[in-house]
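Undergrad: Top line first, the protein sequences correspond to chains X and V.
The letter at position 347 of the first sequence is residue 489 when you use my numbering, and the numbering goes up by one with no holes.
The letter at position 30 of the second sequence is residue 34 when you use my numbering, and the numbering goes up by one with no holes.
Each hint should be verified, as a subset may be incorrect.
[Said to hold, decoys possible] Incomplete in silico selection of chain X near chain V, CB under 8 Å: (1) Q305; (2) Q572; (3) Y578; (4) V587; (5) P590.
Calculated directly from the structure, the hints in this document are not laboratory data.
C-beta atoms are modelled at their ideal positions from N, C-alpha and C, and glycine is treated no differently.
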Amino acid sequence: MVRALSVAVLLILVVMPLLAALPALFFAGQGAGIRANWSLWLVPVSQTVLLTISVTLLVLLSGLAIARHIGDSRGFAVISVLLSTPHVAFAVGIMLLLSPSGYLTRLVHTLLHTLPTPPAGWPLPEKSVLTLAIVLLLKEIPFLLLIASTQLRQLPYQQWLLQAQSLGWSARRAWWLLVVPALLPRLKLALAAIVIYTLSVVDIPLLLGPNMPGVLATVVYQQHYKWSADNQAVIGVWWLLLLSAVLFLLLQGLLSGYPPLVRLARNHWQKTSRWRWHLSAGMGFLQVGAGLSLLVLAALLMESFAGARFYPALWPQQWQASRWLTEWPYIWPLLLTSGWLALISAALATAAAIAVLEHQRRTKNRSMHWLPLLMLFIPQLVLVLGWQKLAGAGSSGPMLIWSHVVFCFPYTYLVLHGAWVNVSDRWLYQAQSLGYSYRQAWWQVLLPMLKHAVFSAFAVAFSVSIAQYLPTLWLAGGTLPTITTEAVSIASGGDWRLASLYALMQALLPLVMFTLLLGRKTKQQAIDVAH
Amino acid sequence: MLRIKSLRISQHQQTSQQTLLLALPQLTINGGEIATLIGPSGSGKTTLLRWVLGEPLVGFEQQGELWLNDQRIDHYPIHQRKIGLLYQKGDLFPHLSVKENLLFALPRKYNKQQKQQRSEQALATIELTSKRNAMPHQLSGGEQSRIALIRSLLAEPEALLLDEPFSALDTGLRASIRQWTFAQIKQRNIPALLVTHDEFDHGDGPIINLGNQHA
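When you get a sec, could you build the whole thing from the sequences and use the hints?
TA: Written out as structure tokens, the structure reads:
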């Protein structure tokens with residue numbers, strides 16, 4: 143029964159989506175005329191390659207540096223809240239803080255009186271590769287930290303560090319030369335997911351990325367709307383797949399290149415670094431991260447009420463509620479749509495992950511499998527484009543929910559995996575010896591025991607569904623606008639004030655869900671249900 | 005009365021051979037009696053216990069009969085065997101309070117009021133009424149052991165398995181908890197099977213040394 147369920151889940155949520163996307167890739171050319179237009183792709187492709195490589199490397203380096211200080215468990219809650227802020231809302235908020243006339247420059251002026259006009263050479267113009275890179279970095283580091291902390295729990299790395307320090311190595315060198323080589327292979331899947339996300343995310347570069355020419359994903363997105371005879375969008379999809387493959391190989395090279403380097407360093411380096419300065423990167427990261435999320439929300443809130451507000455003033459000169467009052471009738475239905483879509487998708491994705499993991503638990507198969515995570519390693523753009531060509535654009539309802547579940551499922555699997563496969567059979571036997579059948583013991587003991595993990599998975603899936611832009615837009619074909627599709631379209635239209643209202647609402651939905659489900663410290667948080 | 009007849013448990017090897025793990029021609033434990041299984045680790049003590057409880061033994065070949073009060077039960081699922089279980093640690097469900105743990109164990113035939121009464125009574129006999137609403141991790145080792153035992157007994161088992169129940173306790177506490185546990189079993193007049201690697205922990209019934217078999 144459980145086995146059949148598990149197989150069904152993988153068929154419906156992993157195999158089917160793949161097969162459904164394939165035909166469009168090969169037959170969309172309608173025979174003639176697929177001809178690459180090199181001048182169209184050259185700049186976007188090279189821009190994207192540079193962006194992806196540098197963002198991934200930076201995420202990896204800073205993530206590992208921070209992980210040294212956060213370790214295996216503390217601050218888990220902060221990380222998951224950071225993760226749950228939808229990236230569109232996050233991008234709009236960061237924009238309000240960092241743009242040339244944003245809160246940051248205003249704050250600098252208020253404190254130092256040095257910037258009487260918006261600085262011309264400000265390194266973070268509203269739309270640029272750099273701004274895009276910063277937002278991606280801030281979104282992806284928490285994801286890597288989440289994975290790193292679950293993986294660290296399976297390594298006795300604290301003992302290694304102690305042992306190494308007793309042999310005279312500094313804590314920092316011991317971390318990079320001893321723990322990181324063991325940790326790195328375990329981060330491979332997460333890094334691959336980060337590469338793919340950076341390569342193919344559409345909504346963030348639409349808001350913050352360079353305009354002419356854009357990055358690869360936005361060019362594919364724009365070409366898709368042109369319906370030109372030579373079908374450049376399909377060419378773009380092939381570019382995405384090609385880059386994915388190349389970047390995977392590079393990542394593999396990076397990961398297998400690290401151990402030899404480390405061996406070299408172990409033999410030739412001093413045991414402690416001669417420089418005394420310490421980049422205590424991780425120490426304040428959680429505080430900074432939590433503070434940044436709050437600042438983003440505060441900026442969104444302030445901007446949504448702001449009236450006239452001329453440059454150097456830190457605060458708006460006037461406040462007005464009219465934007466809220468006039469927009470509310472439009473926003474409310476959007477919130478409802480997003481809400482029910484996310485509730486259903488999250489429930490289904492959580493149940494699906496439970497089915498797969500329960501099968502793994504019963505067969506004592508504890509490792510994390512790549513198959514349930516597969517959708518994280520394929521550019522979303524490629525899949526959604528394929529589905530849309532197959533099913534048409536007007537398919538709301540079941541098709542849309544299915545697409546959301548497909549993208550939520552890898553996350554519920556990730557979040558539930560550790561707790562689920564490690565729960566001890568002992569509890570079930572104990573309950574059975576007290577007179578409960580296996581089924582009763584499962585529902586009344588095992589499931590409540592894992593309540594916290596289930597709630598976390600549901601909340602994460604909920605926020606993943608809220609954040610879905612491309613599937614909602616392309617599969618529903620505009621017939622089912624959600625808070626996210628509207629927020630993107632308003633923000634990419636340049637109305638940052640109106641956008642901040644929508645972005646705020648988009649960020650609030652998952653936040654409410656997290657507070658409802660995980661706000662109270664549940665009893666079993668303190669308890670380890672494994673052996 | 006718990007009776008094991010001609011039990012043989014063998015282990016599958018990779019080369020499709022089977023090695024005999026343990027053989028037990030005959031064991032009878034009368035009500036109120038505590039039989040003790042001793043032997044070095046790897047001698048199959050825990051496997052025997054798991055077989056009696058009814059856990060699925062993956063990778064083992066097993067034959068033999070298990071009788072409880074003149075009923076053959078070796079084909080029954082765990083929950084129908086009426087055999088209680090006491091592990092050495094982590095007995096209490098960590099996500100339930102003391103009271104909830106006890107209520108969970110009580111047979112379904114009692115109504116709500118009777119359940120309340122019985123669990124309160126049980127707590128009173130071990131003088132832990134004040135810990136009613138505590139969570140397991142807030143209790144000391146000795147308190148956990150005592151509550152775990154009365155929880156097993158509240159389910160009204162007809163036999164009891166004890167898997168090194170005292171080894172997590174410190175020496176001072178150990179003797180008194182052991183005495184108290186054995187007294188409870190005597191009072192209920194149910195057969196008990198104790199697994200231990202400490203000879204001082206043994207009960208008054210037959211002692212089976214599994215270590216001799218491979219000699």
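Undergrad: Hint by hint, note whether the structure agrees.
TA: Each hint, compared with the structure:
With a cut of 8 Å, the hint placing Q305(X) at the interface with chain V is violated, because the nearest CB-to-CB distance is about 28 Å. Interface restraint check: Q572(X) against chain V, minimum CB-CB distance 6 Å, threshold 8 Å, status holds. The closest approach between the C-beta of Y578(X) and any C-beta of chain V is roughly 5 Å, which is under the 8 Å cut-off, so the hint is satisfied. Hint status for V587(X): holds, given a least beta-carbon distance of 6 Å to chain V, under 8 Å.
The interface hint given for P590(X) holds, since its Cβ lies 6 Å from the closest Cβ of chain V, which is under the 8 Å cut-off.
In summary, the one numbered hint that this structure violates is 1.
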